[in-house]
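Colleague: What follows is the residue order along each chain.
Number of protein chains: 2
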Amino acid sequence: MTDLSLLPVQEIMARDPAHAPLDREPDWAAGAAYIIDRFVPIGEARVPITDLGFLRADAVYDVVSVGRGQFFRLSDHQKRFARSCTRMKLSNPFSQAEEAALLNELVARTGFKDAYVWWAVTRGANLPRPDDRLHSDRFLNRFYAFVTPYVFIKDDASRQRGIHLHVSENYVRIPPNAVDPRAKNFCSLDLNMSLMEAGEAGAGWSVMTDGAGVLTEAPGSNIFVVRGNRVLTPESGCLEGITRLTARELCSEIGLEVVAGTVTVDDLMSADEAFLTSSAGGILPVSTVDGQPICQGAGPNSTRVHNTYWERRWAGWHATPVDYGASR
Amino acid sequence: MTDLSLLPVQEIMARDPAHAPLDREPDWAAGAAYIIDRFVPIGEARVPITDLGFLRADAVYDVVSVGRGQFFRLSDHQKRFARSCTRMKLSNPFSQAEEAALLNELVARTGFKDAYVWWAVTRGANLPRPDDRLHSDRFLNRFYAFVTPYVFIKDDASRQRGIHLHVSENYVRIPPNAVDPRAKNFCSLDLNMSLMEAGEAGAGWSVMTDGAGVLTEAPGSNIFVVRGNRVLTPESGCLEGITRLTARELCSEIGLEVVAGTVTVDDLMSADEAFLTSSAGGILPVSTVDGQPICQGAGPNSTRVHNTYWERRWAGWHATPVDYGASR
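Chains as they are written, first to last, in our numbering: chain A, 1 to 328; chain B, 1 to 328.
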């Protein structure tokens, strides 16, 4: 295998005019939101305090990224979001076509070429009669969305070095029989606490187990473990990540055998390489786990998947171009 | 044991002028809120969409009730809230004295004599650099609160009949090693889904297990099982409910032996009586579990605890009178 170096993605993006945002009014150039029934600049975007999405994390959401003016795998994200709604008995007030038009409009208003596009359906307002909480059809579910500039979980230098990963000891991931992580939802206090535990341990990100030594997922990310010619990723207890799906496809393409199954902490500690996948950052190589070296910097397979991911995205793979002239 | 009948609490409250709200402007008479740094009528109370309390359920909260113009066990609620903050590495911008003054001011603005007083500290705004998520001290935590009219989970007639309880089969309670339920928090999608499961089963409320036949808690409530002279309540995997604490004290007073420990579904099914406890409704007797009769209507011990609870509260037990003339 030839020695590859990790593409300095942010450096490339900063130089390339294809990533420069279009001119917009300052209010919209900071970000845009859709609140229940109207578009507002992000600075004015607020949720009624009695919305059950806030009071009880009763909501599902999704996030799609835009790169170089193109949504990546938009329909895959929309299909996953529809499954999340069904799993949590939430009813999306918009059709998938309306939803796509609305997300496009949000990006168009900001002029962003690289963006983080978040949307959710919440249970809606709390109902005056507690008995109504027993019936999903008595709620008026609400739609919220916002667009902010794209942010990388880690910068070029951190990706090149590979991050220090901490396996959470104090928190396990909420199990699927409590809240199904395949329905992307707000209940992530466990994930957030594990991040602060990682910070205290001097690490750069966390990963969570099921409490019995089996890996589940990392905050906002799925995990992959490379061992020889095989790549392992947890099959259950985790989000059905779209970047996870993409990484699986790319691994197969470069001749690695991909296995979704049980992946233990021991598998991770004895791996040749490991990486995290997320919409907010793509492929994130791991160099140490709990202070133990896994590999020197970003491993060769991680690097290849990382570089291929960005080259394909910029070339328009699975892309839906943003219509910047659109207006509803 | 003499045959007691359950006090018609709502009927009594409706007749008694001590429960009539004071006159206020219509905007405030619907409810009041405190949003980060200011008081607003409830209809204008909104949370920035990028607050992590919304996006990631990264928050703790508490609820204290006001009855007949008096907070009930306010300092117990405040102490629990302080413990919740500590457990989740959240920093309350207000001291306990400031918090108490603020909650009082909210009730005073509405003129409510019977109210539900909710407050929370959230992680605050999402931070621009994802690396900052690893350090709790880099967040600016935010305070939110609101007051709405008091609502009973179930009405007089339902409490007199006793409710039909459903033991959730499809969902288990989020375990303490994922998100500690002693820190009252927003992650309650499991509880909400179990309520809808109960609704589909024709029941009136749900209760959740740990997945191994051990009871944990019910949505917004703790559970008690009466068996002869003994009263059992789950010791762990549940909120340290203030009404649970109160019910334990009242049970002891009326000569029942209270045991906090492991309580199984079998214990519940073979109980003489059972009841739920919550700030939103006090003592809620159970008459059937999964369609099996536990007792006929509200059982005698449940009735005694229920009635004593309200008689004591109205007599000013553990009360902090609202200062309706207060203004900051």
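Treat the hints with caution; some may be incorrect.
All copies of an identical chain are treated as equivalent in the list; a pair is satisfied when it fits inside any one copy or across any two copies.
[Stated by the list, open to error] Here are the simulated EDC-like cross-link-like pairs (lysine to aspartate or glutamate), alpha carbons at most 16 angstroms apart as the crow flies:
| no. | residue 1 | residue 2 |
| --- | --- | --- |
| 1 | 79 | 23 |
| 2 | 89 | 200 |
| 3 | 89 | 76 |
| 4 | 89 | 197 |
| 5 | 89 | 105 |
| 6 | 89 | 249 |
| 7 | 89 | 132 |
Worth flagging that the hints you see were computed from the coordinates, not collected in a lab.
Colleague: Work down the list of hints and note, for each, if the structure agrees.
Modeller: Tested hints:
Within a single copy, residue 79 and residue 23 get their C-alpha atoms no closer than 32 angstroms, and across copies no closer than 51 angstroms, so neither meets the 16 angstroms cut-off. Taking the shortest alpha-carbon separations for residue 89 and residue 200, only the inter-copy value of 12 angstroms comes in at or below 16 angstroms, while the best intra-copy value is 38 angstroms. Taking identical chains as interchangeable, the C-alpha atoms of residue 89 and residue 76 are never at most 16 angstroms apart, the minima being 20 angstroms within one chain and 36 angstroms between chains. In this homomeric assembly, residue 89 and residue 197 come within 16 angstroms of each other (Cα to Cα) only across copies, at 10 angstroms, whereas the closest approach inside a single copy is 33 angstroms.
In this homomeric assembly, residue 89 and residue 105 never come within 16 angstroms of each other (Cα to Cα): the closest approach is 27 angstroms inside a single copy and 38 angstroms across copies. Taking CA atoms no more than 16 angstroms apart as the test, residue 89 paired with residue 249 passes in neither setting, with 31 angstroms inside one copy and 39 angstroms between copies. Within a single copy, residue 89 and residue 132 get their C-alpha atoms as close as 14 angstroms, which meets the 16 angstroms cut-off; across copies the closest is 34 angstroms, which misses it.
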